[in-house]
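If you read the sequences in order, they're chains A and B. Position 57 of the first sequence, counted from 1, bears residue number 57 in full-length UniProt numbering, the numbering being contiguous throughout. Position 312 of the second sequence, counted from 1, bears residue number 312 in full-length UniProt numbering, the numbering being contiguous throughout.
Derived by calculation from the structure, the hints in this document are not laboratory data. Check the hints yourself; a few may be wrong.
Since the list gives no way to pick out one identical chain from another, each pair is judged satisfied if it fits inside one copy or across any two copies.
As the list claims (entries may be wrong) - For lysine-lysine, the following DSSO-like pairs were computed, each having C-alpha atoms within a straight-line distance of at most 27 Å:
{"id": "1", "residue 1": "LYS102", "residue 2": "LYS391"}
{"id": "2", "residue 1": "LYS102", "residue 2": "LYS388"}
{"id": "3", "residue 1": "LYS114", "residue 2": "LYS102"}
{"id": "4", "residue 1": "LYS102", "residue 2": "LYS197"}
Protein chains: 2
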Amino acid sequence: MSRPTPLSGYPEWLPAQRAVEQQVVDELRRTFELHGFAGIETRAVEPMAQLLRKGEIDKEVYVVSRLHADADAQPESDDRRLGLHFDLTVPFARYVLENSGKLQFPFRRYQIQKVWRGERPQEGRYREFCQADIDVVGDGVLPFHHDIEVVEVMAEAMSRLPLPPLRMQVNNRKLVQGFYRGLGVEDVAAVLRAVDKLDKVGPDAVRAALVAEGHSDAVADACLRLAAISGTDAAVVEEVRALGVHSDELDEGLHELATLLDATGGRRGTVQVVAALKIARGLDYYTGTVMETVMEGYEQLGSISAGGRYDALASDGSTTYPGVGISFGVSRTLGPLLARGVLTGSRSTPSAVLVALASEEARPQARAVAAALRARGIACELAPAAQKYGKQIRQAERRGIPYVWFPAEATADGAPAVRDIRTGEQTGADDASWLPPDADLRPSVIQPDDEQGE
Amino acid sequence: MSRPTPLSGYPEWLPAQRAVEQQVVDELRRTFELHGFAGIETRAVEPMAQLLRKGEIDKEVYVVSRLHADADAQPESDDRRLGLHFDLTVPFARYVLENSGKLQFPFRRYQIQKVWRGERPQEGRYREFCQADIDVVGDGVLPFHHDIEVVEVMAEAMSRLPLPPLRMQVNNRKLVQGFYRGLGVEDVAAVLRAVDKLDKVGPDAVRAALVAEGHSDAVADACLRLAAISGTDAAVVEEVRALGVHSDELDEGLHELATLLDATGGRRGTVQVVAALKIARGLDYYTGTVMETVMEGYEQLGSISAGGRYDALASDGSTTYPGVGISFGVSRTLGPLLARGVLTGSRSTPSAVLVALASEEARPQARAVAAALRARGIACELAPAAQKYGKQIRQAERRGIPYVWFPAEATADGAPAVRDIRTGEQTGADDASWLPPDADLRPSVIQPDDEQGE
Numbered sequence: 001m002s003r004p005t006p007l008s009g010y011p012e013w014l015p016a017q018r019a020v021e022q023q024v025v026d027e028l029r030r031t032f033e034l035h036g037f038a039g040i041e042t043r044a045v046e047p048m049a050q051l052l053r054k055g056e057i058d059k060e061v062y063v064v065s066r067l068h069a070d071a072d073a074q075p076e077s078d079d080r081r082l083g084l085h086f087d088l089t090v091p092f093a094r095y096v097l098e099n100s101g102k103l104q105f106p107f108r109r110y111q112i113q114k115v116w117r118g119e120r121p122q123e124g125r126y127r128e129f130c131q132a133d134i135d136v137v138g139d140g141v142l143p144f145h146h147d148i149e150v151v152e153v154m155a156e157a158m159s160r161l162p163l164p165p166l167r168m169q170v171n172n173r174k175l176v177q178g179f180y181r182g183l184g185v186e187d188v189a190a191v192l193r194a195v196d197k198l199d200k201v202g203p204d205a206v207r208a209a210l211v212a213e214g215h216s217d218a219v220a221d222a223c224l225r226l227a228a229i230s231g232t233d234a235a236v237v238e239e240v241r242a243l244g245v246h247s248d249e250l251d252e253g254l255h256e257l258a259t260l261l262d263a264t265g266g267r268r269g270t271v272q273v274v275a276a277l278k279i280a281r282g283l284d285y286y287t288g289t290v291m292e293t294v295m296e297g298y299e300q301l302g303s304i305s306a307g308g309r310y311d312a313l314a315s316d317g318s319t320t321y322p323g324v325g326i327s328f329g330v331s332r333t334l335g336p337l338l339a340r341g342v343l344t345g346s347r348s349t350p351s352a353v354l355v356a357l358a359s360e361e362a363r364p365q366a367r368a369v370a371a372a373l374r375a376r377g378i379a380c381e382l383a384p385a386a387q388k389y390g391k392q393i394r395q396a397e398r399r400g401i402p403y404v405w406f407p408a409e410a411t412a413d414g415a416p417a418v419r420d421i422r423t424g425e426q427t428g429a430d431d432a433s434w435l436p437p438d439a440d441l442r443p444s445v446i447q448p449d450d451e452q453g454e
Numbered sequence: 001m002s003r004p005t006p007l008s009g010y011p012e013w014l015p016a017q018r019a020v021e022q023q024v025v026d027e028l029r030r031t032f033e034l035h036g037f038a039g040i041e042t043r044a045v046e047p048m049a050q051l052l053r054k055g056e057i058d059k060e061v062y063v064v065s066r067l068h069a070d071a072d073a074q075p076e077s078d079d080r081r082l083g084l085h086f087d088l089t090v091p092f093a094r095y096v097l098e099n100s101g102k103l104q105f106p107f108r109r110y111q112i113q114k115v116w117r118g119e120r121p122q123e124g125r126y127r128e129f130c131q132a133d134i135d136v137v138g139d140g141v142l143p144f145h146h147d148i149e150v151v152e153v154m155a156e157a158m159s160r161l162p163l164p165p166l167r168m169q170v171n172n173r174k175l176v177q178g179f180y181r182g183l184g185v186e187d188v189a190a191v192l193r194a195v196d197k198l199d200k201v202g203p204d205a206v207r208a209a210l211v212a213e214g215h216s217d218a219v220a221d222a223c224l225r226l227a228a229i230s231g232t233d234a235a236v237v238e239e240v241r242a243l244g245v246h247s248d249e250l251d252e253g254l255h256e257l258a259t260l261l262d263a264t265g266g267r268r269g270t271v272q273v274v275a276a277l278k279i280a281r282g283l284d285y286y287t288g289t290v291m292e293t294v295m296e297g298y299e300q301l302g303s304i305s306a307g308g309r310y311d312a313l314a315s316d317g318s319t320t321y322p323g324v325g326i327s328f329g330v331s332r333t334l335g336p337l338l339a340r341g342v343l344t345g346s347r348s349t350p351s352a353v354l355v356a357l358a359s360e361e362a363r364p365q366a367r368a369v370a371a372a373l374r375a376r377g378i379a380c381e382l383a384p385a386a387q388k389y390g391k392q393i394r395q396a397e398r399r400g401i402p403y404v405w406f407p408a409e410a411t412a413d414g415a416p417a418v419r420d421i422r423t424g425e426q427t428g429a430d431d432a433s434w435l436p437p438d439a440d441l442r443p444s445v446i447q448p449d450d451e452q453g454e
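If we strip away everything but chain A, and leave its shape as in the complex, we get (with noise of 0.2 Å):
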């Protein structure tokens, strides 16, 4: 076959990469873990039915079928088909109120796998891309404390990422609507959208907009104070009541909101959480904590993390199962990174060392270094060829792996030796006891353009 080119909206990764998309995935799922989310991973596939349940996505849905049905058998029923699923909400939904007489509630899951869309491919939208996904669920009842806990949790996985510094912004549905409804708007949803166009229109159109649907202007004045609304800490609730605006609602959502900033407010790391009133996370079906993430510098990519609390994730007709949780989307935020060069990994291969080899003949020999090393957690790999021992060395330069093991044959004082092909620093060395500092062990991610890289 001719030489293949990439597909548009299917990205893949060079060796080296990979190695940073893995590292990121292996950290988050550490610190998920650590926090007692269980991981799981559901079928690709879903009835049509189901994914089309959530609106506003069919033109986005890939249906699969076989390429030969059975020739005998009808076409099947558009209840029957099967689509890629495009988020990893839908199928855990489906996932808990199949398998909930043998889950414990409530119940921590994360999920990290691939989704598929048919979108417009543009940079950090992609057609099949991967998200980590973490939700609580529980049994009728979810207590306020696992949104607190769900924000905890992403925000510490982000912070122990190579990325850019990151801004969760978090909000309350129950203070928006409760605001709204306090002002004496009737469809709040209506002026959830308008508002929501905010940082895409700004506040003069969304103003107009508002003063168009037969809101007063003090209204829509109202709204877009709100909006303007953010911070760190209970000062934003101070901001909220000095509007003059009232409902039970509003004061559930306000105490939510100081609440979860109490306890997740401020920066941890690279990481800032942050109140801002002004989102509200589409025509989701959230009922109370939203949150968005963006990164600095990245703005254009949207929001690179989002989630909050569904009041019914599921329902099974006689049991509602509460949700809080947020996904994070590796491809949507690794992949600029990774193709603009701004991350990649130090080496190609996961071996820390090169075994050199004298002759074809030493090979047995050569592996048998090799399986000791390995024995002590040091992947290395042998040269493919006796080449001289120059050949040997542009091998392991050209992988980007850092030592290079010689045989007692190849070394001035008879013994064996490994060289640091960075330095050329030579020492003599034993298999059974040599180890390479802890950064050489595995590929480490690089920033190119950060002088102090990582």
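Using the hints provided, position chain B relative to the given structure of chain A.
Frame of chain A; chain B shown alone:
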């Protein structure tokens, strides 16, 4: 929605079962990386034209299409249509060609991903399943020692898994084809096909088929005598020579097989590498070494790990890329063991500790204890509610969490304590220094029928 039911052929696991699968994947990955195999992932879809090149599989391919393709677009031609990959070899070959200028050869990669086939579901055969592949691919040439390498690496990887004894059967296409040609057979593929059915139909039916195809009784007998030979060392070569057949290709195959057995033959923990001259790997395009692995007591699953040498894994017209690789069927192997309850995880959460609460107001102090434990790598979760301690202990019990951490308020001596709820043993503990035994840090794999566990 009403309670959903599982989709046949799309296995999903409960958290404790998924913990087993995750540990198996981690262990495979660890071994592959220790041997210098770089992890990559390829997209789930390939152009249909690529997927159908391999032949014989067209009925099993899933086509992927947008639910609402743009109205003004032409219907997609077969070449442009996308399908889900049915193995990891076709996408890897395409990846090598696409990135050949950016890869270092010989290129070692592992790939652990889901694949999809529209097969009729049965035990161990799924429509969506996970495979773990290793391959080494060369640029023009690939020395035979890489055949040894992939057998060694996969045998080592499998020997570290919590599985029944495995038998990896190896053979060599050159040996078999050279033998047939030495007998004067012209349509070697037809004889391969007939002998490949030996395990299913028995020797008499194979002999009848060969004779029906025009071969003499002597030729049919020689083919069957070759197929009956097996062993773990070079005695196998002597047995073949004793059949009195000669050809250069046979000699080359015998030399390769003897070299492979010399390096890898025999037992490594639970895995035995043994020559079995009946193994042909059907119609796959292997050209030298072939391998096929069965799990003792689960022979009806067929091969759980198989592979071989391709002289042309990929070619772009000017360069040919030979490869040798082997695949391990993660789902095929674990699915039946998990479904039958032969293997399960020791708990349904990563948490080793549940931190109990004296009151809801004490949640911040409990969070501080949990944070101190997590900082030292101990996964833990807080009690969901400040119920009576007996209820909090049962929360831990139901999840299989081995330890409950009690605040000072809950203990007789007024100091924090940790209880092993399996034994009831309770000791005073400091969150800055207490550690559980290593075996309790993570969920472990349990073999319920096995008194010793793992």
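Worksheet item: Hints broken by the structure, by number, lowest first?
Response: As far as the earlier hints go, only 4 is violated by this structure.
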